[in-house]
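Visitor: These are the residues of each chain, in order.
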Amino acid sequence: MKRWVTTFLFPRVTRRFLLRVVALVVVALLVFGYVLIPLYLDGKSMEPTLKDGSFRFCWVPSYWRSDPEVGDVVAVRFGGKRRFLAKRIVAREGESVSFVDGKLHVDGVAVTEPYVLLPCDWNLESRVVDPGHFYVIGDNRSVALDQHVFGQVSRGRITGKIIP
Amino acid sequence: MAKAIETMHNIRKRELGPFDSGVSKTTAWSKMAGAVVLVVLIGIAAGCGGPEREIRRTLDRLAEELSKNGQESVVSMVNKGQKIGEYLADPCEIELPEWMMSGPQRRQDLVQMALGVRGSFSSFKVSFLEVQVELLPSGEADVTAVVKVSGDSEDLSKALNRGEVSLGMRIDQGRWEVIRIQPVEAIRK
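Chains as they are written, first to last, in our numbering: chain A, 2 to 165; chain B, 466 to 654.
In isolation and in its complexed conformation, chain B is listed as follows (with noise of 0.2 Å):
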């Protein structure tokens, strides 16, 4: 009885391998797997933390004021104007040569050309994808998005619809601003 209870015991030994603490490979296998997703995740919440993720989360919201949803007041359309313009620094460089704007610009200025876009079209709506931060030694940011412009309005959205952008960022009273806007030039003839 004893002789056959420990060749059980070595059939099951064998069987195991090297996990013969008693644990099948499959379910060591699952934690190990297991472990390491936990890890990845764990690595991505503390890099997507910190500056990163709030100039992120600024042009999440300066996406939102761009964009637009139905017809506006003009006490709405000077409440929107008034905060996209906290997102932009006075004065702020621009080069959009297409624009006729090139150079330093008034925050002013700016927004009276976002309002005047706006104001073209009944609803559409922007967003800031592939959002990629490099921060810079002076505490400034470059960042790298690809914006999006979609909307009801065919349009706007042939003309705009999917570019990518270069813009320089500064903190300035513990709020994240846009001194710099260019876009990128994929192609060049």
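If we strip away everything but chain A, and leave its shape as in the complex, we get (with noise of 0.2 Å):
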């Protein structure tokens, strides 16, 4: 046993282990790059689904061979490809979107939304979501209408699918 951990912590650094070494990096790199993306969250803007401070991961092949979906919370890339936007997608290409006394509509009709549990007084006149966009708010909707960052961004800008 003694022997066993003793190899595992100071391995013989040869040539075969130098590739392993050199693989799992590369591997690594790709996996948490472009696949499984860890995010950290910096703000309240999705509370209380996701918590400020918190940390997740954006399953990229989400939306590899599929559109999101309604309900989706998904990671928008807002500022490079290093920072992203934590939010819920609400509505699709074609559809409305207003708010009438912090109620969403979405083609004229109430939304039920289970998740938001904080209050919202929001009024926001129709809007329809531009081809190829889908449009996007958080879950946090206590806060002052334009302090809140929302609204529809391109369908390219959607990087993957929060997991929660």
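It is possible that some hints are incorrect.
Said to hold, decoys possible - Cross-link-like lysine to any residue pairs, in silico, SDA-like; alpha carbons within 25 Å at most: (1) B:Lys654 - A:Glu96; (2) B:Lys545 - B:Pro648; (3) A:Lys52 - B:Ile652; (4) B:Lys654 - A:Asp122.
These are computed hints drawn from the structure, not numbers from a lab.
Mind docking these for me? Both chains are given alone in their own frames, and the hints should help you get the complex.
Guide: This is how it looks when you write it as structure tokens:
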């Protein structure tokens, strides 16, 4: 047992070992850079679904073969490749979005949102989602309308689904 | 004896497999991996040359001139303004509706604006990151980049922090200059 522990902690640095280390590093860079992206959540816009200061992963292959669905919590590329917005999709292209006394309306119909637990008093005129876009909003709508970053984003900016 | 040597040789051949020139599998794979890495690095280096590299360097220099490190004298400020102006075309198309600037702007006015912003903060650093260059047939270039502003002032960092911009650039007398600046709207209410 002791010998195994010693070998594990202090392996012989052979060519095979070095190759394995290089392969591991390359695979890790590919996986965590392009497939399973780690995210640190800075902000309260998705509370209580996603807590401020928590750690999540974005699963990129979710949308390799299909489009995002309404209700999905997604990572939206915001400031380059390393900064994302975590938001929830509430409407697709062609649908109209509005807020009346804090209640979300899509195509004129009030939407039941069990994930919105904090009070909201937003009023927003109806606007139609452009082709190739999705409408995203955070779950925490207790802040003023102009302080919450939300709106329509192009399909290309939606990087993947956030694993809860 | 000869038969023993022959048997040993056959065993070794079997162990070596297709790499039976006397090179072990591990060594052969190592060489192949090294060759692939070398080819990739050469490809990257080749792809990053020419106008793209010049444009990236130009933006790095512009970011340096825009940044501020401590208090500046009036003479330094004037020199800075002149240097910043060398990177801008005259006129330069700007789309910054939040800053009440839209359409062609004189270089002098843009420099004054930049100096005004710089004067409001003691120190900050501007960087152009993730620069992507697309050369156009007209000789101009469409550039998208992430502008990052970091400093000891919370107001500045919060206000500008990190955002994507689209720049139009052209070469004039051997130097690349900015002819158009427009923020990229990632999300729109």
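Visitor: Check the structure against each numbered hint from earlier and tell me which ones fail, lowest number first.
Guide: none
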